[in-house]
Amino acid sequence: MKILIFSDAHIHTWAEHSRDDSRLHHCISVLRQIREYCVHHKIKLVLFGGDLFHKRGVLYTLPYNLVVKELAAWKAAGLTLLANVGNHDAADRLAKVHALQALESAGLLYTVGDDGWANWSIRALEGFDDEVEITAISYCAEAGELRRRVDAALTARGKVSVPTIGLFHHGFRGARVGTSLEYIVKEDADPDLYTKLFDTLLSGHYHAFQEIGSLGNAWYIASPMEFVRGETGPKGFIVLDTKNPKKLERVMLDLPRFVKLMGHQIADDDFDIEAHVKGNFVDMVFEELPVKWEALERTLKKLGAAGIRACPTRADKLQKSSRLAVDPTMGDRQLLEAYMEHVGVDPSERDDLLRSGLSLIEEATK
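As numbered in the working numbering, residues 28 to 393 make up the sequence shown, in order.
Don't read these hints as lab results, they were simulated from the structure.
Mixed in with the good hints there might be a few duds.
Listed below are the simulated BS3-like cross-link pairs for lysine-lysine, each with C-alpha atoms no more than 30 Å apart in a straight line [to be verified]:
#	residue 1	residue 2
1	K273	K319
2	K71	K273
3	K223	K273
The whole structure should be built from the sequences, with the hints applied where relevant.
Here you go:
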């Protein structure tokens, strides 16, 4: 049996990257491309590792409507979606209220219960004859709560003699986060304590595809697209065959990336600027430009750049406004980073200040 797995969709308008809804539609295209892949390859079961939506505790109307419309198309295509809950989906600390509950009530997916876990016997689901047991454990910040949820789920499931999959959304010791979206890495769970409990363990939360632990049977799923600058690397989803669960197939998606265009590359006749910038978000890095910025911006837009940001290496090259431009959809981390950049905080001090600020915000919003 083949199962498609993806995670960390972070569906949102992402207005800080584009002035229209194009970035939102890139997010929705992930769902559409997965549906088309499943139909073409006759895959009926999809697992999701958590963080379907981006903004914690808030559901914006247009993103939510587009998700419902696409998941309805999934259901019409005969796909079954088993979805874990990530920290960005949760509206409270223990995720007893989260963004997937209404989608489950509408019959568009299955998700975890109020206690933060679920056991799914695939053969018990309509349209499946295969015997696979899937245990989902939703995000929780403390290792002790993670242990409690896993113990409760496996006690309820009991011993089984069929392939088992653990579906997590957690930060395990020694892993790379792979994105600046996460605030402060606090989780300190020993991965091998959990990977030994399943034939295969797959986790959302961290955006870089990587192995978890030392047993060779667990991986971070990775995000399907680049959401912020610095989140690089091949992006897509994975396909697991239960007959050979330690050999995953990675399928890449063709979606916009964040790229840098250097000033010297503009004057290089052998450098294909159009191929580099088309469809992507471009950071134009320069000390001196061979042409005026306005002319360069127009040219890059004509070549298909999805967004353009000036990144002068000398601060005197662009006039600096006395006002900080704030997008109401920005997260806490992005607001703090934007403010420190605006007021010129020494780069060597920013990490400590950011950690302190985010800790204060977390304490204030408990």
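Going down the list of hints, with the structure as the test:
1. For the hint linking K273 to K319, the alpha-carbon distance of about 54 Å lies beyond 30 Å, and the restraint is violated.
2. Restraint check: the Cα-Cα separation between K71 and K273 comes to about 20 Å, which is no more than 30 Å; the hinted pair holds.
3. This hinted pair checks out: K223 and K273 have alpha carbons roughly 13 Å apart, not beyond 30 Å.
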